[in-house]
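Listed in order, the protein sequences are those of chains Y and D.
Counting in this note's numbering, the first sequence runs from 12 upward without gaps.
Counting in this note's numbering, the second sequence runs from 12 upward without gaps.
Treat the hints as calculated values from the structure; they're not laboratory data.
You may find that some hints are simply not true.
Because identical chains share one entry, a pair is satisfied inside a single copy or across any pair of copies.
[To be verified] BS3-like mimics (lysine-lysine), calculated; alpha carbons at most 25 Å apart, straight line: (1) K333 to K171; (2) K228 to K492; (3) K228 to K425; (4) K450 to K258; (5) K436 to K133; (6) K425 to K353; (7) K436 to K216; (8) K333 to K133; (9) K353 to K27; (10) K432 to K353; (11) K213 to K353; (12) K465 to K492; (13) K436 to K333; (14) K171 to K379.
There are 2 protein chains.
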Amino acid sequence: MAKDKKAPRPKAQTPKGFRDYFGAEVTERAEMLATIAGVYRHYGFDALESSGVETVEALGKFLPDVDRPNEGVFAWQDEDDTWMALRYDLTAPPARVYAQHRNDLPLPYRRYAMGPVWRNEKPGPGRYRQFYQCDADTVGAATVAADAEICAMLADTLEKVGIPRGDYLIRVNNRKVLNGVLEAMGVSDAAQAADVLRTIDKFDKVGEAGVRELLGKGRLDASGAYIDGVGLSEEQAEPVITFLTSKGADNAATLENLRGAVGESAVGAEGVTELQQIADLLAAQGYGPDRIVIDPSVVRGLGYYTGPVFEAELTFEILDEKGRKRQFGSVAGGGRYDDLVKRFTGQAVPATGVSIGVDRLLAALREKGRLTSTEQGPVVVTVMDRDRMADYQAMVADLRQAGIRAEVYLGNPKNFGNQLKYADKRQSPVAVIEGGDEKDRGVVQIKDLILGAKMAENATLEEWKDRPSQYEVPRADLVAKVREILDLYS
Amino acid sequence: MAKDKKAPRPKAQTPKGFRDYFGAEVTERAEMLATIAGVYRHYGFDALESSGVETVEALGKFLPDVDRPNEGVFAWQDEDDTWMALRYDLTAPPARVYAQHRNDLPLPYRRYAMGPVWRNEKPGPGRYRQFYQCDADTVGAATVAADAEICAMLADTLEKVGIPRGDYLIRVNNRKVLNGVLEAMGVSDAAQAADVLRTIDKFDKVGEAGVRELLGKGRLDASGAYIDGVGLSEEQAEPVITFLTSKGADNAATLENLRGAVGESAVGAEGVTELQQIADLLAAQGYGPDRIVIDPSVVRGLGYYTGPVFEAELTFEILDEKGRKRQFGSVAGGGRYDDLVKRFTGQAVPATGVSIGVDRLLAALREKGRLTSTEQGPVVVTVMDRDRMADYQAMVADLRQAGIRAEVYLGNPKNFGNQLKYADKRQSPVAVIEGGDEKDRGVVQIKDLILGAKMAENATLEEWKDRPSQYEVPRADLVAKVREILDLYS
Numbered sequence: 012m013a014k015d016k017k018a019p020r021p022k023a024q025t026p027k028g029f030r031d032y033f034g035a036e037v038t039e040r041a042e043m044l045a046t047i048a049g050v051y052r053h054y055g056f057d058a059l060e061s062s063g064v065e066t067v068e069a070l071g072k073f074l075p076d077v078d079r080p081n082e083g084v085f086a087w088q089d090e091d092d093t094w095m096a097l098r099y100d101l102t103a104p105p106a107r108v109y110a111q112h113r114n115d116l117p118l119p120y121r122r123y124a125m126g127p128v129w130r131n132e133k134p135g136p137g138r139y140r141q142f143y144q145c146d147a148d149t150v151g152a153a154t155v156a157a158d159a160e161i162c163a164m165l166a167d168t169l170e171k172v173g174i175p176r177g178d179y180l181i182r183v184n185n186r187k188v189l190n191g192v193l194e195a196m197g198v199s200d201a202a203q204a205a206d207v208l209r210t211i212d213k214f215d216k217v218g219e220a221g222v223r224e225l226l227g228k229g230r231l232d233a234s235g236a237y238i239d240g241v242g243l244s245e246e247q248a249e250p251v252i253t254f255l256t257s258k259g260a261d262n263a264a265t266l267e268n269l270r271g272a273v274g275e276s277a278v279g280a281e282g283v284t285e286l287q288q289i290a291d292l293l294a295a296q297g298y299g300p301d302r303i304v305i306d307p308s309v310v311r312g313l314g315y316y317t318g319p320v321f322e323a324e325l326t327f328e329i330l331d332e333k334g335r336k337r338q339f340g341s342v343a344g345g346g347r348y349d350d351l352v353k354r355f356t357g358q359a360v361p362a363t364g365v366s367i368g369v370d371r372l373l374a375a376l377r378e379k380g381r382l383t384s385t386e387q388g389p390v391v392v393t394v395m396d397r398d399r400m401a402d403y404q405a406m407v408a409d410l411r412q413a414g415i416r417a418e419v420y421l422g423n424p425k426n427f428g429n430q431l432k433y434a435d436k437r438q439s440p441v442a443v444i445e446g447g448d449e450k451d452r453g454v455v456q457i458k459d460l461i462l463g464a465k466m467a468e469n470a471t472l473e474e475w476k477d478r479p480s481q482y483e484v485p486r487a488d489l490v491a492k493v494r495e496i497l498d499l500y501s
Numbered sequence: 012m013a014k015d016k017k018a019p020r021p022k023a024q025t026p027k028g029f030r031d032y033f034g035a036e037v038t039e040r041a042e043m044l045a046t047i048a049g050v051y052r053h054y055g056f057d058a059l060e061s062s063g064v065e066t067v068e069a070l071g072k073f074l075p076d077v078d079r080p081n082e083g084v085f086a087w088q089d090e091d092d093t094w095m096a097l098r099y100d101l102t103a104p105p106a107r108v109y110a111q112h113r114n115d116l117p118l119p120y121r122r123y124a125m126g127p128v129w130r131n132e133k134p135g136p137g138r139y140r141q142f143y144q145c146d147a148d149t150v151g152a153a154t155v156a157a158d159a160e161i162c163a164m165l166a167d168t169l170e171k172v173g174i175p176r177g178d179y180l181i182r183v184n185n186r187k188v189l190n191g192v193l194e195a196m197g198v199s200d201a202a203q204a205a206d207v208l209r210t211i212d213k214f215d216k217v218g219e220a221g222v223r224e225l226l227g228k229g230r231l232d233a234s235g236a237y238i239d240g241v242g243l244s245e246e247q248a249e250p251v252i253t254f255l256t257s258k259g260a261d262n263a264a265t266l267e268n269l270r271g272a273v274g275e276s277a278v279g280a281e282g283v284t285e286l287q288q289i290a291d292l293l294a295a296q297g298y299g300p301d302r303i304v305i306d307p308s309v310v311r312g313l314g315y316y317t318g319p320v321f322e323a324e325l326t327f328e329i330l331d332e333k334g335r336k337r338q339f340g341s342v343a344g345g346g347r348y349d350d351l352v353k354r355f356t357g358q359a360v361p362a363t364g365v366s367i368g369v370d371r372l373l374a375a376l377r378e379k380g381r382l383t384s385t386e387q388g389p390v391v392v393t394v395m396d397r398d399r400m401a402d403y404q405a406m407v408a409d410l411r412q413a414g415i416r417a418e419v420y421l422g423n424p425k426n427f428g429n430q431l432k433y434a435d436k437r438q439s440p441v442a443v444i445e446g447g448d449e450k451d452r453g454v455v456q457i458k459d460l461i462l463g464a465k466m467a468e469n470a471t472l473e474e475w476k477d478r479p480s481q482y483e484v485p486r487a488d489l490v491a492k493v494r495e496i497l498d499l500y501s
């Protein structure tokens with residue numbers, strides 16, 4: 012027979028912008044997701060899991076004038092030519108789910124969802140193309156009590172996963188107020204409005220003077236590049252400045268300033284009233300401005316928001332990759348999107364929700380040393396005689412029966428040093444040894460690997476002098492002795 | 012301004028072959044995954060989560076002579092023209108992971124993984140294009156003790172998730188034995204060998220006579236269609252029949268028969284010896300043939316298996332969609348695949364593992380009524396006066412503080428009947444009512460909705476006659492009274 016032409020070896024690599032997660036990284040995330048889901052459920056939200064794949068049509072990312080879907084999503088064509096894509100968030104799918112199943116679902120429909128989302132974006136340091144979100148949304152509730160509740164729940168959630176009060180702040184704004192400001196400015200062109208919103212979003216970075224420049228002729232940025240301005244007159248730009256500087260000493264003062272900023276605009280006034288109601292509801296439930304505060308500088312990038320918007324940021328400082336101090340920043344955000352379901356049904360269905368960036372939140376907790384991993388390696392039963400594998404398996408079975416995580420060494424047992432190196436790499440607390448001599452005498456050797464490692468680090472320490480790191484016990488006492496050592500370290 | 016041309020409304024539909032999962036379906040799966048992971052961890056396996064997306068090259072599904080990837084996977088091209096695809100199982104990815112990270116990982120590397128996988132296949136009843144798997148694999152262990160361990164762990168896992176002993180059976184075979192039989196038959200052509208394996212796989216369905224026909228000239232099947240045969244002579248086919256009918260009264264008898272079936276073949280003899288070792292190890296640990304048994308009819312479809320293969324099937328009968336009794340069938344399977352890592356590194360790295368079809372296992376438990384959902388709806392605080400939302404939120408806050416799942420009705424409160432209908436749809440155990448009159452008198456009304464529903468079903472039942480389904484209590488006693496009712500039903 013002719014030999015097949017040899018195919019070149021495939022590269023063992025994750026695709027660009029993706030990564031693998033090992034051990035504690037996986038279990039810590041699972042624990043955080045379970046904790047968040049617990050809070051959401053406690054608030055009355057029910058679980059929903061839609062698939063990772065949606066039609067591009069349902070996601071609303073299809074551009075009808077080109078034969079390729081929009082950038083930002085991973086998309087392909089099904090056999091029947093339907094464009095399909097991986098979900099890019101957990102907000103668009105439930106709008107589709109609600110529209111599809113609305114005859115069977117309760118109204119309001121309160122649901123939570125968790126899982127990976129995918130973005131077809133350029134990866135960067137710490138930015139991956141798959142990451143986890145954990146969302147809660149209320150569909151069919153027009154009242155801002157629904158928005159207030161989500162903000163309160165977000166505060167509870169952050170504290171529950173380990174961010175203490177004072178280390179986070181939830182800032183609330185309202186798109187209607189922004190629209191009122193644009194109306195007061197006389198901006199009606201959609202493109203120009205978008206430019207103004209983008210500029211407002213830069214306030215935290217460039218300050219009042221910078222925003223003035225960007226709204227007018229433009230600005231030379233720190234890198235020396237010239238950024239074109241929106242082209243408004245100074246007079247026209249004034250409401251934006253009034254708006255951006257309207258954060259007062261307390262919510263009452265901020266709201267008063269915002270009323271000034273929106274001028275005669277009816278939608279603006281409505282937005283301010285909604286913020287007032289949210290602030291009142293939260294105050295009545297004891298969520299003060301140390302946790303949730305009205306803040307006009309919050310914009311939120313996504314185009315689908317129609318009312319209140321909110322963002323949770325962590326307020327403590329971390330060191331960035333260049334060793335400079337900076338605030339950790341945003342870990343969650345959300346808002347009201349009253350038109351997403353309407354896309355499908357033609358009927359207005361109000362909705363509001365929050366999305367927690369679980370991977371960023373985990374990174375923050377890790378950064379602060381607040382993730383205390385519960386991972387412990389298994390007890391390793393070593394193999395001295397490969398023909399007695401059944402004996403070693405029986406030991407492991409005894410240990411597991413007693414609730415102890417344990418395994419037999421399954422690699423090549425020839426080199427015993429490799430077995431102990433393996434136990435070390437697995438962070439095993441204990442190794443068990445039974446050679447032919449021990450077998451004959453009915454005993455086993457039990458090595459305390461944690462003590463062993465400490466002694467290796469500092470062999471002169473007095474306190475360990477009288478403590479053996481290896482014990483010989485009768486085979487019948489294997490489980491009891493291992494348990495005794497594990498209890499020392501738990 | 013010219014008005015934008017209206018885009019047609021998108022269809023609110025899951026893509027073909029995908030579905031949404033609601034409430035208990037999601038939480039029951041999460042609980043099952045956590046239980047399985049618990050067993051895997053207990054056996055010493057560590058968590059790994061690779062991303063849903065792999066390069067087609069790493070998955071090994073790329074056909075170099077066409078510009079489209081193989082069928083079976085969902086694939087697309089990245090911006091740099093790299094073909095990417097959704098993973099179709101949890102076996103190919105860890106082979107890539109091990110090859111990529113082998114300098115940092117312990118050897119053997121024991122890992123478990125769980126999550127959705129995607130198949131670009133024709134969907135059918137109960138067959139979806141996204142489903143969950145939960146796998147455990149040991150990479151770098153050549154000993155069949157690793158295979159035996161995985162079979163034992165699979166038995167433990169099935170019992171732990173609620174399949175009692177006697178309702179499942181793990182059947183073990185060895186690809187080397189199959190290869191030995193082919194050698195004994197003188198079949199060396201790969202295509203013909205594949206045809207023979209496919210025929211063996213049909214033994215459960217067509218029986219000995221059917222297999223004889225299919226190995227020879229062919230067979231008229233039940234639908235009247237003629238199925239072409241493999242074209243072997245009767246004499247050539249004989250070892251297959253010997254092999255297929257070699258299952259004896261116990262493992263020892265089966266192994267003896269298999270030794271006959273492989274004749275002079277060295278690889279066949281090796282396979283039988285490995286099965287012997289597996290049976291001995293399992294027997295020593297107390298896993299008898301009531302749980303794990305040597306069975307020559309197990310083939311396993313995937314091409315990458317090289318040694319022991321195993322399959323767990325549920326042995327109880329269910330009614331199929333046409334009301335006929337049938338066995339539930341396979342819920343898990345696996346085997347040894349010694350060449351998957353070698354694809355990347357050129358070096359042989361033995362590996363073995365198991366994959367549990369979590370969604371099928373859930374379906375089986377549901378079918379048998381063994382999933383007792385712990386889901387209970389939230390207590391619903393109704394809204395009688397929309398201006399007193401803060402009062403209602405305060406009640407809910409009190410209930411939540413006390414650990415009770417609760418929410419305020421956030422829909423339009425105008426029609427009170429809708430609020431109770433909502434509570435009903437949410438399967439709420441309790442509704443709380445506070446109108447203006449109650450507010451003035453400092454009381455709340457508490458409705459026992461579970462009792463109410465029972466009374467509505469059968470209004471004449473004596474036992475409920477003296478039990479009220481609605482209580483009036485002071486506002487201060489709200490939490491205590493709700494707790495009292497909930498305790499009746501827990």
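Handout entry: Hints the structure fails to honour
Key = 1, 2, 3, 4, 5, 7, 11 and 13
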